[in-house]
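Visitor: Listed here are the chains, written in short residue letters.
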Amino acid sequence: MRLIGHRLALYALTLWVAITVNFLLPHLMPGNPIQTMIGKLTGQVTPQEINAIRLSFGGGLNNSLISQYFTYIGQLLHGNLGVSITQSATVSSILISHVPWTIGLIGVSTIISFLVGTVSGALLGWTRGSRLDSLIPTATFFQAVPYFFLGTVMLLVFASNLRWFPVLGAYSQNLVPGWHWAFVASLLRYGELPVISIVLSSVAGWMLGMRNMMITMVAEDFVLMAIAMGLPKRKVIMAAARNAVLPSIANLSLAIGLVVSGALLVELVFNYPGVGDLLLNAISGQDYPLIQGIFLCITLTVLAANLLADLVYLLLDPRTRTEVAP
Amino acid sequence: MRSLRIPRSPKVIIGLSILGFFVFLMIFGPYLAPFSPDNTSFAPLLTPSMHHWFGTTSLGQDIFSQTLVGARATMVVAGVAGLVATMLSIIVGISAGYIGGFTDDGLSLMSNVFLALPGLPLLIVIDSYLPVDSRSNSLVIGLIISLTGWAWGARVLRAQTMSLRNRDFVESSRIIGEKRIRIMFTEVAPNLLPILAASLLFTILYSIGAYVTLAYIGLTSTSVWNWGTMLFWAQSNNAPLSGEWYWFVPPGICIALVGTSLALLNFGIDEFINPRLRAGGLSGRQRRRLGMPRRQRLGLTPVVRSVTTAPRIAVQTEYSVTP
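Sequence lines, in order, name chains E and U. Numbering-wise, the numbering used here puts 266 at position 266 of the first sequence, and it's gapless, one number per residue. Numbering-wise, the numbering used here puts 452 at position 126 of the second sequence, and it's gapless, one number per residue.
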C-alpha cells in the first residue's frame, strides 16, 4: 500500500511538472511564440477563436504570470486544452479521435514484444553458450536501428515490393468504420506490419535484460536444489524464470516511455491515423495548442501505464508488500 | 587505483573498430566528400554508380557526400549531449548517494520525475518553441537532449555510490578529515568507472536516437546536414514508396552501425562488471580449447579469467592431442 502511495505521489508530481513546463515554455522562449502566432492568425480567424487560443495559454497577456498560470490550470481541470489552429476544432475532440488508434497499436505491440522477449530471453539464458547465442548480435543490431528506419525498410520491402501487406493507413478505405467483421479483419490486416516493426525493434531490450538476469539466477542455490531434487526441467526453468522476470517488470515503466516514443514515429512511416501522425502535422503547422495537448495526453497515458506496471509488480513480488518502498 | 583491463572479447574489438571508423568520418568526413552536399547540379534520382556512389536525391544532390558531411553534426551532437548528460548524472547521482538525507530525497525525486516523463515528446515540445536560428545550433540541441537523458545514469550511479560510501577506504578518508567534495570525486568516483562508462555509452546511444528523430520530423534546421535530415527529405519525397532505397538506406545503416558499436562496447563493459556473463561470449571453438563443456552444467558458473592466457591454452591443446 505504501509503495502505491509513494508511486501515486511521484506520478502526480511528474504530471504537475509536465503541466508547468507546458505552461512556462511558450512564455519564456525568446520572441514570445504566442504573440507571434496570434499576430499571424489575425484576419484569418474570428476574434472569438483568437480569444479561445489566448485563454488556452492562460488568458490575457497583460496579466501577471502567476495569475495566467492559475487560469491555465483552471482551464485544464475543465478538460479545456484549447483550440487547434490548423484544424478548427477543440484540441480535446481531435485527441479523442486519434488516441484510441495509438493506444491500440502501442498496447498490442508492447505486450507481444514483452512476452516474446521475456520467453526467448529466459531460454537464451538457460542454454547459455549454445548456438542460440548467435542471436544476440542480431538482436543488438535491431535494437540500435531507429524504429522509423526499420519501419521504412519493411514498408519498402514487404508492402511496396513484395505486396505481402497493405501499404498505408489503418484500414481499407472502402470500408465504413464500425464493429463488423470486414472492418475488424481489415484493421488487423493493416496493423500487422506496424506491429511487427515495433516488436522487432523493441524485443531485443527485453530479451537481453532477461537473458542476463536468467544467467545470474541459474547460478543460485535454489535452482541447483531443484535439479538435485529431480524436478522436471520445465518446472526448474519456470521457477528460475519467475524470479528473473522481476527486474524486467520493474523496468517496464522506463521502457514504456521509450516504446511510446518509438511507436509515434512508426505511425508516421505507416501513415497510421494515431497521435504520431497528428503530432507531425501539428509541428509542421506550428499548431502550439495541439502540440501541447498531445504532450499532456502522452504523459498522462505513460504515467497511467507506469502505475499499472507498478501494480503488477506488487502482485508478483511479495517482498514489496512488506518492505518499505525503495 | 588499478588500471582498467579492457576485455578483449570479439564484441569489444568489433565495437571499437566500427566506432573508430565513424569517429574518423566525424573528423574528416566533410573533407573527404567529393561534392558539396547542397550542390544540386546533378541529374535527379540517379541510382548508385561509379560517379555517385549512393546515387542522387530528387534535387540532384550527391547522397554519398551528404552521408559523409552528415556524420559530423550527428556525432558531435550525440557526443556533446552524452557528455553533458553524464556530467549531470555524476553530480546528481554521487551527491544523492553520498550525502543522503534530504539531499538524497530531493535529488532522487527529481531524477524519478525526469525518468517518468516521456523523453521524446518533451523534447519535441521544447524544440518546437525554439526560434529558428537556435535550431541550427548543434550545441543548443545537444544541451536540450542532455536535459532529458541524464536521469537514468543518475539513478544507477546513486545506487552504486550508496554501496560504496560505507566501505573502509571511504570511511578512512572521512576520518582523516578529507573534504566531502574531495572524497566524492577522488575516492568514490574512480570506483564507479565501469558503470560510468556504461552510462556514457547508453546516453550517447539515446542522444543519437533523439537527435536523428528530431531531424527526421523536421524540428532541426534543414541547413545543417545530418543523417536525420537526410531521412527527413527522403520521407517527405516519398522515397520509400517509390523504391528509391539508395536515398534512405545509407543514413539509416550509418545510424544503426554507430548504435550497434556502442551497444557492443556496452556488452564488453557488462561482461567486465559481471564475469558470469563473460563465458557466454566465447565461441564454440574457444570453449573446446579451454576444455569447457559445450553445454553449461547447471549450478556451475565457469568464469574464464583470461581467454588469451597462453600457458593455459597450451596445456589444454596438449591434453587433447595426446590420446
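The hints are simulated quantities; they were obtained by calculation from the structure and are not laboratory data. Errors might be hidden in some of the hints.
As the list claims (entries may be wrong) - Listing some non-contacts, in silico: residues in chain U with all C-beta distances to chain E over 12 Å:
id : residue
1  : Lys337
2  : Ser434
3  : Phe440
4  : Ala442
5  : Leu446
6  : Leu456
7  : Glu504
8  : Tyr532
9  : Trp553
10 : Gly578
11 : Thr586
12 : Asp596
As the list claims (entries may be wrong) - Derived list of chain E stretches under chain U, where covered just means 3 residues or more per stretch with a C-beta under 8 Å from a C-beta of chain U:
id : segment
13 : 72-81
14 : 152-165
All residues carry an ideal CB built from backbone N, CA and C; glycine is no exception.
Visitor: Run through the hints listed earlier and report the numbers of any the structure violates, in increasing order.
Guide: Violated hints: 1, 2, 3, 4, 5, 6, 8, 9, 10, 11, 12, 13; rest satisfied.
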